[in-house]
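Given next are the chains, with one letter for each unit.
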Amino acid sequence: QVNTDRVKVQSRGVNHVEGGWPKDINPREADQTARFRKKLEKDEHYISVVTQLGTLMEHCVKQNNAIDIYEEYFDEEEMIEVEIEPPSAKTINAIRDPNTAKRTATHLSWCPDASKKLAVAYSILEFQQNKTDMSLDSYIWDLENSNKPELVLKPPSPLVTLEYNPKDSYVLVGGCYNGQLAYWDTRKGQLPVEVSTVEVSHRDPVYGTIWLQSKTGTDCFSASTDGQVLWWDIRKLSVPTERLVLDISRKGILQQALGAVTLEFESTLPTKFMVGTEQGIVILCNRKAKTPAEKITCTYSGHHGPVYALTRNPLYPKIFLTVGDWTARIWSEDAKESSIMWTKYHSAYLTDGCWSPVRPAVFFTTRSDGTLDIWDFLFKQSDPFLSLKVCDEALSSLRVQDNGCIVGCGSKLGTVSVMEISSVLCTLQRNEKNLVNAV
Amino acid sequence: GIPVRTTLDNSTTVQYAALLQQLVMKARSTVRDIDPQNDLTFLRIRSKKHEIMVAPDKDYLLVVVQNPCE
Numbered sequence: 006q007v008n009t010d011r012v013k014v015q016s017r018g019v020n021h022v023e024g025g026w027p028k029d030i031n032p033r034e035a036d037q038t039a040r041f042r043k044k045l046e047k048d049e050h051y052i053s054v055v056t057q058l059g060t061l062m063e064h065c066v067k068q069n070n071a072i073d074i075y076e077e078y079f080d081e082e083e084m085i086e087v088e089i090e091p092p093s094a095k096t097i098n099a100i101r102d103p104n105t106a107k108r109t110a111t112h113l114s115w116c117p118d119a120s121k122k123l124a125v126a127y128s129i130l131e132f133q134q135n136k137t138d139m140s141l142d143s144y145i146w147d148l149e150n151s152n153k154p155e156l157v158l159k160p161p162s163p164l165v166t167l168e169y170n171p172k173d174s175y176v177l178v179g180g181c182y183n184g185q186l187a188y189w190d191t192r193k194g195q196l197p198v199e200v201s202t203v204e205v206s207h208r209d210p211v212y213g214t215i216w217l218q219s220k221t222g223t224d225c226f227s228a229s230t231d232g233q234v235l236w237w238d239i240r241k242l243s244v245p246t247e248r249l250v251l252d253i254s255r256k257g258i259l260q261q262a263l264g265a266v267t268l269e270f271e272s273t274l275p276t277k278f279m280v281g282t283e284q285g286i287v288i289l290c291n292r293k294a295k296t297p298a299e300k301i302t303c304t305y306s307g308h309h310g311p312v313y314a315l316t317r318n319p320l321y322p323k324i325f326l327t328v329g330d331w332t333a334r335i336w337s338e339d340a341k342e343s344s345i346m347w348t349k350y351h352s353a354y355l356t357d358g359c360w361s362p363v364r365p366a367v368f369f370t371t372r373s374d375g376t377l378d379i380w381d382f383l384f385k386q387s388d389p390f391l392s393l394k395v396c397d398e399a400l401s402s403l404r405v406q407d408n409g410c411i412v413g414c415g416s417k418l419g420t421v422s423v424m425e426i427s428s429v430l431c432t433l434q435r436n437e438k439n440l441v442n443a444v
Numbered sequence: 570g571i572p573v574r575t576t577l578d579n580s581t582t583v584q585y586a587a588l589l590q591q592l593v594m595k596a597r598s599t600v601r602d603i604d605p606q607n608d609l610t611f612l613r614i615r616s617k618k619h620e621i622m623v624a625p626d627k628d629y630l631l632v633v634v635q636n637p638c639e
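Going line by line, the protein sequences match chains U and W.
Note that the numbering used here has the first sequence beginning at 6, numbered continuously upward.
Note that the numbering used here has the second sequence beginning at 570, numbered continuously upward.
Mixed in with the good hints, there may be bad ones.
[As the list claims (entries may be wrong)] With a Cα cut of at most 20 Å, we get these calculated DMTMM-like pairs of lysine to aspartate or glutamate:
#, chain 1, residue 1, chain 2, residue 2
1, U, Lys43, W, Asp578
2, U, Lys47, W, Asp626
3, U, Lys121, U, Glu425
4, W, Lys627, U, Glu49
[Said to hold, decoys possible] Not everything, but these chain U residues come out facing chain W in the computed CB check (under 8 Å):
#, residue
5, Leu45
6, Val54
7, Val55
Since the hints were made in silico from the structure, they are not lab data.
Using N, Cα and C, we set each Cβ at its ideal position, and we do this for glycine too.
Pulled out of the complex, with its shape left as it was, chain U reads as follows:
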């Protein structure tokens, strides 16, 4: 392989028209072209060439007719059992932030229609680190062309989170650093179709946005460190449809509220949702409760620092994973006192985590020393199944694509590495479902 400078290439079709005729012959005049052809056929050189090429061609045609190379030869052989190969993962793509001032890739969202598109939200999360010339844009990348973003999204302030609508692959909602929410339609261009008004939005960066299941497919909700969870209908972003204050004493006092850092919603349990807070507590809430006091169903505490990631197991929704401080913990909704399983204390902060959508026992975590860990809790619970150093800077976000084989990790300097993991980790093992159930 050779490293060359990146060249911009574009695919275009070519229109072929009749050409190559000598200058004195008009290709549209049928009798002129016919005359030319007749003259050519009488040429001696032509005749000899045709006979010669004809024999050569005849040989090959006869070969084709004699043996059918497309027939099924090995019908009787059975499928070989899949060998246990050592698991591995390799980086298939690394997408860099094209601006000179590098921003953290804070959130990744894969396009739901499996077309290998990835939306990345870029912002700088350190307090008051925004340089004046920092670009506000976030990008949608197509994995086939990692030199130039497929679409540039221009929000009013840098986006902290960005999510594709799982029902409509053209619509995305993004939460901004200044607390506003904006939504885009990729068919309509770079500017948001609508932005929520500043007065009713959050007062702190919007750390989590998730689309909800609804008949209209236009509902979403957002959470922020200002302690509120707001519900919105994207057709009318001027006012939120509902508001919840995350106060665990259930009095609804904003000052006592906990700042939310992550949000989780499972479409099979539409009335419940969970919030991970800065204080290390996970709150399970019921949306359909009558009074605000009853909205907060119960809390789970166990982390020493902010809960950076909170996801339910896609196949067993009662089990969820939280990532925060130096560990990752697995909880069952029924066991409220403590987590049912947790990893040992690592040397670096864990920054994000996510379940594999195809294998219920496999999950991924990213660390602030640039390592991606893949865990399989049926195989080994004390150490990761596979640990890969993705880059030198801290990894800030992680997302697995719906087919389970491709993982995108965003880093502190804005580089998104797209990795493909070996099939051992993607295909469901036979007993896995039963074993996980037993846990």
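Got chain U sorted already, so can you dock chain W onto it with the hints?
This is chain W only, laid out in the frame that chain U set:
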């Protein structure tokens, strides 16, 4: 290139002529780049639906499109 004699319809013939002419030039230059004493004698392109066979010469190309026997 100009189609001299054909059994297909005109537009298809023109398309095949133009595309294959370029492909044959490229293939020939590839073969000769690797070994200057060598030259292209025959080119076969097998696709899902049929097989295109090209016998090139200095001035002419003979092109046959065949359906492989099932």
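Outcome of the hint check:
1. Lys43(U) / Asp578(W): Judged against 20 Å, a Cα distance of about 18 Å means the pair holds.
2. Lys47(U) / Asp626(W): holds (18 Å)
3. Lys121(U) / Glu425(U): OK: lysine 121(U) and glutamate 425(U) at ~12 Å, within 20 Å.
4. Lys627(W) / Glu49(U): Roughly 15 Å between the alpha carbons, so the hint for lysine 627(W) and glutamate 49(U) holds.
5. Leu45: Holds, because the Cβ-Cβ distance from leucine 45(U) to chain W comes to roughly 6 Å (cut-off 8 Å).
6. Val54: OK, holds: valine 54(U) within 8 Å of chain W, min 5 Å.
7. Val55: holds (7 Å)
Checked against the numbered hints given earlier, the structure satisfies every one of them.
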